[in-house]
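Heads up: take any position in the sequence shown, counting from 1, add 8, and you land on the numbering used here.
No lab work stands behind these hints: they were computed from the structure.
Straight line, CA to CA, 30 angstroms or less: simulated BS3-like cross-link-like pairs of lysine-lysine:
#	residue 1	residue 2
1	33	118
2	113	19
3	68	113
4	71	33
Quick list of simulated restraints, FRET-style, between CB atoms:
#	residue 1	residue 2	range
5	55	17	25 to 33 angstroms
6	135	77	22 to 30 angstroms
7	129	23	40 to 48 angstroms
8	19	132	35 to 43 angstroms
9	109	134	33 to 41 angstroms
10	146	115	23 to 31 angstroms
11	130	21	31 to 39 angstroms
12	55	27	34 to 42 angstroms
Each residue gets a CB set at the ideal place from its N, CA and C atoms; glycine is no exception.
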Amino acid sequence: MELISFGDMVKLYEYYTERYSGRLKNSELLYSIRDLRNATAHSNCLINKLQKGINKPSVKIIKFVSNIDGIGASMRKSKLSNEFLYDFVSLLYVYNEFINVDVVKEKRFKQIQEFIDGCAVKNKEYFDKNECIKTAYTFVKKVIDYIYEPC
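Starting from the given sequences, assemble the full structure and let the hints guide the process.
Next comes the structure, spelled out in structure tokens:
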């Protein structure tokens, strides 16, 4: 049961960010997380939307992904132009930035990595001929491995 919608929580967070400048982290990426949350909460089929899109990624996320070995400029541009992949990377980035308790962060990223290395590839032969899904998986795996490594 939601007491406040995610969108309203983002607005409240923005209000506090303006009112108490410098105390809270920037909220610009929270709208991407809201979009991802809404898509998953309403059971949208996100795997159908993996092709290159028209999304304009934030500079923060572009810089973050540019630090990851194995993700070149072409892949970065292509994958971050996709709204779902951009929103997912934004979620991982914000979680990594906002959560200050290393034990909590490490446990969550370990769970995500176990999913990516296990369940996500359990029936990978279904997608052998789908380059779009395969490259999206590779991209997401590299991002998760990069974040989980410092934990």
